[in-house]
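J.: Quick mapping for you: the protein sequence lines, in order, are chains H and C. Take the first sequence: its position 527, counted from the start at 1, is 527 in full-length UniProt numbering, and no numbers get skipped. Take the second sequence: its position 484, counted from the start at 1, is 484 in full-length UniProt numbering, and no numbers get skipped.
Just so you know, these hints were derived from the structure itself, not from any lab. One or more hints might be untrue.
Pairs of lysine to aspartate or glutamate, EDC-like flavour, derived with a Cα cap of 16 Å [stated by the list, open to error]:
1. 465/C with 511/C
2. 483/C with 508/C
3. 187/C with 162/C
4. 135/C with 152/H
5. 334/C with 305/C
6. 314/H with 517/C
7. 654/H with 617/H
8. 388/H with 459/C
9. 137/C with 617/H
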Amino acid sequence: MSGIFKQPGAFAITPHKVSVCILLKIYAPPAQISLPFPFSSVAHHNRLGLFLLSLTKSCDDILEPKLDELIHQLRMMSQNWMSTWIIDQLMTRLSSLSSPDDLFNFFIDIRGILGGPDSGAIEDDQIILDLNSNLGIFLRRCVLAFNLLSFEGVCHLLTNIGIYCKEEFSNCPPYEAPSLDDSSSNLETYSEYENMDLENFVYEKVSEEIEARKEANERIPFHLHVPNTLLSLVDDIDVPVDSASKQSEKVRVASPYGDPSSNMLRDDDPSGAVFLRTNWQVQGYLQEQADIIEKNGGAVSLNGFEIVLRQLRKLAPELHRVHFLSYLNSLSHDDYIAALENLHCYFDYSAGTEGLDFVPPAGSNSFGRYEVALLCLGMMHFHFGHPKLALEVLTEAVRVSQQQSNDTCLAYTLAAISNLLFENGISSTARLIGSSYSLFTSIGISLSVQQQLFVLLRGSLKRAESLKLKRLVASNHLAMAKFDLTHVQRPLLSFGPKASMKLSTCPVNVCKELRLSSHLISDFCNESSAMTIDGAFSTAWLRNLPKPTGSLLLCPENGSGSSSNVSQFCAQPTSIPGSVMQVLGSSYLLRATAWELYGSTPLARINALVHATCFADASSSSDTALAYVKLIQHLAVFKGYEEAFSALKIAEEKFLSVSKSQILLLKLQLLHDHALHRGHLKLAQKLCDELGVLASPVTGVDMNLKTEASLRHARTLLAANQFREAAAVAHSLFCMCYKYNLQVENASVLLLLAEIHKKSGNAVLGLPYALASLSFCQSFNLDLLKASATLTLAELWLSLGSSHATRALNLVHGAFPMILGHGGLELRSRAYIVEAKCYLSDTNFSVFENYEIVIDSLRQASDELQLLEFHELAAEAFYLMAMVYDKLGQLEKREEAAASFQKHILALQNNKNEDDPLVSVL
Amino acid sequence: MSSKESCRSELRIAIRQLSDRCLYTASKWAAEQLVGIEQDPAKFTPSNTRFQRGSSSIRRKYRTHEIAATPIAGVSYVATPVMEEDELVDGDFYLLAKSYFDCREYKRAAHVLRDQTSRKSVFLRCYALYLAGEKRKEEEMIELEGPLGKSDSVNRELVSLERELSMLCKNGTIDPFGLYLYGLVLKQKGSENLARTVLVESVNSYPWNWNAWTELRSLCSTIDILNTVNLNSHWMKDFFLASAYQELRMHNESLSKYEYLLGTFGNSNYIQAQIAKAQYSLREFDQVEALFEELMRSDPYRVEDMDMYSNVLYAKESFSALSYLAHRVFMTDKYRPESCCIIGNYYSLKGQHEKSVMYFRRALKLNKNYLSAWTLMGHEFVEMKNTPAAVDAYRRAVDVDPCDYRAWYGLGQAYEMMGMPFYALHYFQKSVFLQPNDSRLWIAMAQCYETEQLRMLDEAIKCYKRAAACNDREAIALYQLAKLHAELGHPEEAASYYKKDLERMEDEEREGPNMVEALLYLARYYKLQDRFEEAEVYCTRLLDYSGPERETAKSLLRGMRSSQSILPSMDVERFPP
C-alpha cells in the first residue's frame, strides 16, 4: 500500500545466473555441429536442456541455490563422467572470472550462442538457441541486465562470484552421487524424447503454465491465502485445509518439537534437492506452512518456525505475509500477545489488500480494506475464547464493510457472527447487532438468540449466493443444515403430530441442504487451474525433475514416500482445493448426525466412516475427532464396551494434544454407561458430575452438555431406585429443554419420565408420558427413539396386567423391524425380554408347545447383555429362562440358567471391591 | 563533585588523547564540556562570560528542580589517573597514518600501520579498518537494495577485527580504546552481554571517551540492565546516567541529573540541549523554547537537536520563527536529516502537506531509521487523508522504536478516522501503556470508547478519570466526565465534576459555553436537591450571560422563589421581577 518506496524488483544478474549462462554455453556451444562434446546421446543433451529450463523458470529469486547445491543437482541429473566434466567446466570458467573485463568478455561470448534473426540459413543439425525460446529469452535478459549494470554493480557481481565459488571450495567433500542406479532408468525414460523437438515440447508446456500463472496473477497476487483461513474459521476454528505434502506432514507429526530449523528452509525431503527460492516458491512454502499450522498447529514448533520466519523477514522485508504466518504460528500455540501484535502488524502493512479471492472493485480508492483486519481480529478473539470482544470487533467489521460496500467481507463476517452465536450462544446480542444490522432495527423486535442466528444465517447465505462466493455458500449451507438439525423452526403449538407441520430435522431435508453444498466440487474442478498454488506447483515440478518421469507413475523405489510425491505431482493441476474437501467432509459428518437422530445407525456409521477414511487428511482435527467419536459410539452400542474402549485408546493417542474435550466427553459418556450397566452407581454419579463440570456456568450456553449431564444424572438416580429425585431432575430438565426449544431432547426426557414411572410401579402415570414421547418422536422423525418409546409403552401395558399382554405383544412386534434393523445391543435385548415376558404372561400362550420361541429370544438377549455387562437385565433374562426350564422340567438347563442368574446378581451386588482399570485412567 | 579545575585539566588531556586517536566525536564532546565549565568570573574578561550570564538567567527563570545542594550521598569520585602515553616509537608512521585518516583514507591509514605494534598504532589501525568497513557497508546498502528491500550488506572487516581484538584482550595487551572498539564490534555482531562487559571495562579505566558511554547506553535498554552495570564513580558517570535515564523515559530523574551537572558545567550547550529534550518530553514548551533561543544565540550554527526546536515552534504555531530556523539550518547544512525535518515541519505548518512529505522523505533517505521523520510523515498523511499511507509510515516508526508512543497514538488516530474505533483501541492502549502520564492519550482513548459505535461509557469514564489525574491541560476531561455522568444518571458525580471544572475555569479565567453549561447544570441540580442558596448563587451568575440560559435562569429563580414564598421569612425583595 501507500506507494512508499520501491517497486519489487527487476531482473538482476547474480552469480547463480552466471552459472546458468555457463551451463547454457555448454549446452549450446557456438558454431558446433551436431552433438557438442560431452554428450553421448541426444537424450542426455535434452536432459540438460530440461534441467536448464527448470532453472530458468525459477528466476524470480528470493533465495538462490548455492553453487554446491547446483552441483548436487547436476550430479543428480546426469551420468557420472559427463556430469563431472560439466561441473569441472563450470568451476573452471567461474574461477577464471577474476576481473571486470573477464565478465564483459564472457557476456559478449554468451551473445554468440544466440542465433541471429537469420538463423534459418543454418544447417539443420546445428544447435542454436532460438532468440524467442525460453532459454533464449533468459539469456537475452541476462545479457541485458548485465549491460544495464553500473560499474559498481559489476564489481559487486565479481565479489559475489568470488564468494559463491569460495563457499563451494571450502565445503567440498565431493558429493557421492546418490542416484547411481537411477542413471540407467534415466536413459530409458529420456529416450522417448529423443526424436521430439525438445524446445517446442517444453515450450508449449511452459508457456501454458506461464499463461496460467499470468491469469492468476492478474486476478490477484496471493490467491488462496486468506479465504482458506476465513472459511476454515467460519466453519470451525482450528481448521485446515490442505492439498500439501503428506510426507512432510508425517515427518512433522513424528517429531513435533524437534525439527531442525536449518532444514526448514529447504524441504523435509533431504534428498529431494529442492530449494526454496523463487518468489512463488516462497509463497507456496508459506501457504503450505499455513495449511499445516491450521490443520495441526501443535505439530509446528513455535520457535523453530519463528526462526525461519525471521530469516524470511530479513531477506524479504516487503513480503508482509510473513507477519501473517507469524500470527498463525502464535495463534496455534496460544500465544495471545504475539498473535495480537502480528495480526495488527500484518494489516498495518498490507492494509488488507492481499488475500481475499476476488478482484477488488474497479476504480477502488486508495482506502485499504481494513475490514478484513477486523474480521480476522474478531475470529482471533473467538479462538482465544473472548466471545464478547469478538462480537464487538465483528460488529465493527459489519459496519465498516457496509461503509466500504465490501459485500464479500460482509458475507464472511455475518457467517462468522452466526458461527459465534452458534458456538457460544451469547444472550445479549440485541444491542450490538440491533444497532448495526439494519434488518433488526427495521423490525424493531427483540428476537431470541436462535432467531437472530437464523436470520443472520439466511442473510449471510443470500449475500454469499449473490456474490457467488462458492465456498462461503457451501459452508453456509452446512451451517443451515446444522441449524436445522438442532433447532426446530416452529415451536409446537400443542402436542401431537400435525400433518401440516414440515420439520427440517428429517435427514432427507438435511441431505438436500447438504447436496446444495456439494455441487461445488464440479465448479471447482472447472476453475482449478486458477486455484493452483503456483509456487507449490513449481516446487513439485522441480523436485521431480531429477527423477525419471516414467518411473514416477510406477513409483518402484521409495515406497510410500515417493508415492505421496507422485500423487502430489500428478494431482496438483486438477486437485480440489483443500477447503472444498473440508466442506465436503463436514457435510458427511452432518449426514451422519442426521441419520443418527433419525435412527438409522448403519447409515450414520457409513457416513462417519466415509469421513474418517476419505477426508481425514483434509479436514480439521476436531471434525476428524468427531467422526471417530461417532464410530466409537457405534462400536459401544453394537459390539460392547471392550471393543469400544480399545478403540477409544487409539483415538486418545491420535487426538491427545488437539481436541481433548471431544474425546474426553466420549470417554466420560462411555464410562458412565458402563458403570450404570454394571451397577457401579457411586462411580456413575461421579462421572456424571464430571460431565456436568465441563459445561460453562453461564446460563443458556453449552446447552447440549448440560442436558446430557442432567439426563445422565436422572438415569443414575433411577438406577439407584430413587424415583422421586429422579423424577424431579427429569422434570426440571424437561422445563429447561422446553424453555430453550430443545425439542429433540424433550422426547427423550419424556421417555425417561415414563421409564421412571414404570420402574416405580405407577404404570398408569407412565402411560401419558410414553405417549407424549411417542408423538414427539413421530413429529420429529426420530424413528429409533420412537421404537424405544414403543417398547416402553409395551412394558407399561404389560405391567398393567396380563389382560394387556396381547396389546403389548402387538406393540413389540410393530417395533421389531426398526429395533432389529437399527437398534443397539441393549435395545434389542430389551425387546427380546419384553417379548418373552409378553408370551409368558399371556394366558393363551402355552409354554410347553412353544417354549422354543421364548427360549430363543431369551438366549439372544442374554448373549447380548453379557457383551454389554448389563448385569441387571441379564439376570432378569436368566431368571426367566430358568423359570421356563423349570416349567419344562429340564432340570439340568434350569440349574445352568440359575447359576448364571446367581452370577449376575452377585456381580451386581459385589461391585465395590472390583477396581476397573479403565476408571483409573480417568 | 570534583573541583572545576581538576575537571578542566582532565578534559584537556583527554581531548588531546582522543583526537590523537581520531575519536573525533568524543573529543568534540569533551571539548564542548571543557568550554562548558563555568569560569570564575573574577578572572576572565566580560566577553568570555557573556553567554554564561544569559544562560544562568534562563535557568533561574525556569529551574523547576532545585539543584541538590549536596551530591548524592556517599558518592566520592575516584580520581582516575590520566593514562600514560606510549612513547613515540612509531611516531613517523603514526603521523602519516593519522594524516591519511584525517583525509578519510582509512584503508591507506591501516596499511601504513600494518607492522606497528604499539597500542596506539594497533588501535588506530583497527579503528581505521572498522571505519573503512562501515563506509563500504553504507555504500553497498545503497548500491544493493534488492527487489524486496533486502539489504544484507555487512561490515566485512568485523570478523577479522573481532579475532584480533579478542586475542589482544586475552593477552591483556589491550588498552581502553581497544576495548571500546572491541565492544563496538561485539555489539554489531550481536553478542550484547559480552559487549556490555567490555564497554564497562573500557569506561571504568578511561572514562572520558563519550563514544564508549553512548554505545553502553544503547546497550542498557531496560532499567534493570542499567542497575546491574557496575560503574566506577566518576563525574562522567553522571552524564551517562542522565542520558540513559532520558532514553528510558525517566525524564524527571534525568532532568535532576542534568541540573546537578550544571553546577560544574554551567555553560555546556550539550547539557542545555539535553535539558530541553527532557522538558520537551514533559511538554514544557515555553521552557524549551527559551532554552533553544538561548542555544541559538550561543551556538548559531548548531543543527543537532534543532528538529525538536522546530517541533516546539510548530506546536506553538510561530510561523516566522520556524521559517527563520529552517532558513538558518538550510544555509548551514541542507543535507542533514534534521534540516530536512525542520523544513518539512515548516511546510506542514503552512498546510502544504505534499511538499512537507517530500522533505520528510528526503530526511528518511538520509537516515532510514530517523524515527521522528516517520512519525511526522504519518501525521502529514493523516492530514492528506491518505490513511493507509499514514498507517504504513507509523508502523515503520514503530518498527524502528517500539516504544514510540506518538506513532502508536498516530496509528490509533488513523484507524479511528477510518471508523474503526474498536480496532483503534488496541493502539491507544499501547501508547497509553508507554506514556501513562499524558492526558491527551487518555482523552483520545476515552473518545474512542465514547464513539457512537461503541458507547462503552464506563470505560470512557475510567479513561477520563486518568486523564484528569494527569494534568489535563486542555481541560477536556473534567467537562467530559461531568457530561458522561449526567448522561448516565449519576447526578452527584456529575455535579461534583461540573464544580471542579468550574473552579478550574475560574482559576484560569476562561469563559465559554462550558461555563454556562456547568452553571446551568449546577443550578438545576441544587434546586432539585432543595439547596436553594447554592442554586441561587449559580443562577445569579448565569444572569451575567446573554442567550437562552439567562431566561432559563430567570425562570428557575422564579420557580424557587415561588416555592420559597410558601415558607416564611424569605427575602423576596432581592430579586425584583
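J.: If a hint holds in the structure, say so; if it does not, say that too.
T.: Now the hints, each set against the structure:
no.	hint	in the structure
1	465/C with 511/C	23 Å, violated
2	483/C with 508/C	20 Å, violated
3	187/C with 162/C	11 Å, holds
4	135/C with 152/H	15 Å, holds
5	334/C with 305/C	15 Å, holds
6	314/H with 517/C	57 Å, violated
7	654/H with 617/H	13 Å, holds
8	388/H with 459/C	15 Å, holds
9	137/C with 617/H	49 Å, violated
When held up to the earlier numbered hints, the structure conflicts with 1, 2, 6 and 9 and fits the remainder.
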